[in-house]
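> Chain by chain, the residues run as shown.
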Amino acid sequence: MPPKRRSSGIAPKSGQSTLAFHGASNKVTKPGTRAQNTKKNIVADPVAESPKADVVEIDATVGSEPTTTEASLLDQTEKEIVAQQAASTPEEDEARRITDARINKYWTAKEKARKAPRVHQNGLSLHEKILQEWDMSGQYGPCTGIARLKRWKRAQRLGLTPPIEVLAVLLKEQDSENDSLSVQRSLVDELLNY
Amino acid sequence: MTSPDGNLLQGAPFQDSPYLPSRNASSYNPLHTFDLPKGTEKHYGQQYADMYFLRLAQLKEAIKRQAEEAWKDFELAGEKATMVDRVLDVRQGDLCWIIGTVYMEMALKPNVLDDIAKEHWIAAPPVRQTYMSSSGQDEMMLEDESGRLRITGESLNSHYVTGCVLAALGTEQADGCFQVIATQYADLPRQPQRWERDDSALAVLGKKNKPVTPKRGSAGKLAIVSGLEITGTDDDDLALDLLVQFLTGELGAHPEQSRSGKITRLIIAGNSLSSSSPILSREDFVNSKRDKGGKQQFGYHTSSYNASPAERLDALLTDILPSLPITLIPGASDPANVALPQQALHPALFPQSRQYANPPVKSNESREGLDSVTNPWEGDIDGWRLLGTGGQTVDDLLKYVDEVEEMDVLEMMLRWRSIAPTAPDTLWCYPFQDDDPLILRDCPHIYFAGNQSKFERRVIQGPADQKVLLLSIPKFRETKTLVVVDMETLEVETVEIGVVQPPTPE
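Protein chains in written order, with the UniProt record's numbering: chain A, 1 to 194; chain B, 1 to 506.
Keep in mind the hints are simulated off the structure, nothing from the lab.
All the pointers check out, no bait thrown in.
Calculated cross-link-like contacts (lysine-lysine; reagent style DSS-like; alpha-carbon spacing at most 27 Å):
id : chain 1 : residue 1 : chain 2 : residue 2
1  : A       : 150       : A       : 79
2  : A       : 150       : B       : 38
3  : B       : 38        : A       : 79
4  : B       : 42        : A       : 150
Throw the hints in and build the complete structure from the sequences for me.
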């Protein structure tokens, strides 16, 4: 015979706490993932929104999480930085000793090699110009899908003698704490893989 | 009747203890050239252009040296050949030579538009046996960072495939085509000496004393089998049981036992299971829908998974493993990833035989017992360097060319220093960015490819006195043949396991 079921319906009070599927402590969704300017939010109490807005992370301005290409580039840059902190290679040592004057000389030599001046480069800093030239040099491989520092290291390893001034510029940019993704990612990569 | 010391278990009628041949250990030192990082460390954001760049950059120096040696005295109509750096910089009428990657433009190559057609439920075109089009529309081009150059010439003779790196000597014609007179490839790389890796490891360890090479006994034999194609049904039982009995020495009498006792390691080179996917393919899905009268099965039902092939393979390995170590290479029809390099078959597939293997957490190789490895695979067995694949590279390459033997394909792949030249064009491949392991760095002593149509062997010579034994291992399911290589003399013999039907009484 199956065991007798209690028919009274009154559950006995046990000492265990029950699960709660509601409440602020069990919230699964991230705050700030939905767009902040939907109609519902405008109608809702603005005072109630502000404590939630404080919880939102700074990255909400950028948009959502990084895309897969950006994620892989960030991963590559992190690995390079970790490797640098572990042991700095002789090329890096030499690159850190390169002065701004030498970088200027390198760039003016490159510009003199051309007959006409470069166009559409008015708003770019010297470092940006050098890095864009580095991207467009096809003999070191494709510039998309790879961080600029990693591409330099790869070219060095394959014996293609990439210019040391480019490494100097990259290390200077890295140390100056600009947004590392925009420094390591080539413009072409951004246009193609947006 | 009684024995001298009163022991009733000796003397007549008891015979002397039976003949028990023993098996020596095999010296095994695998390499992990084709291991990919696990999980999220693998990135797929990069494009395949990186792979072609790496291939060209890594082979350019070697080809340049070979080509300079071959063509430094070449003169045609009083003109000497010079090297041109970029493929697009050739000038009309100048005799020159260029280095680039071959690209074959073939109309019948698999096209992404076929996949789109399948999406819309139009029947996909059947899998093609060969990519060569009959009308001769196929074009060959040489490519490097600057661009592509169309090439023609009788010396090309349709023996080159996409992905091999060549130097071509010739001149540009009026229509922009480069007429090729002669070609040069990188040829075989340096071949390590026998026992080189083991000796150098010992030399590193024993720095203080003079490195003493250990006394090594004579090596045994290596058995290679491929294409077991286990389906889990009864039709393959007899041949597989006989194979197991041969390898464990249970078959036959003293001569066979001593012969199989010399075998010290078994390599299973791909396609151990006949079909890898429990999820129905699109064609089977359509058929099942039709057969079951319209009842649709979406996704993967646990009730439809048939575990018997994997169980049968596991049982087979467990029978052989106690006495013979095994190296298991996945193949095209095995449950490993589709793209090259295929990673090792997961130990979850082998609940019983994984007791003979090191758990992946502890170590990524098992020197004795079951070593589940990548495809292609490189390693040292008894000092010799072996390189083996499950056969997909050879099969894909044969679709590009006409009337070429499998042995020729194996030889050319070594001479081009490219283990999978058609990857990533028609053979799926991981997008390598740092380093392309599919380029041959050290010349192996033995190069084998599994799942071929018949057994063949050949020995090829290299420019620096390298000697390579090429082996094509036939499918066991069809030919019931096992290949045995003597690791001391590199002699090869085959063992055919046949089932003889007794003549039916008339």
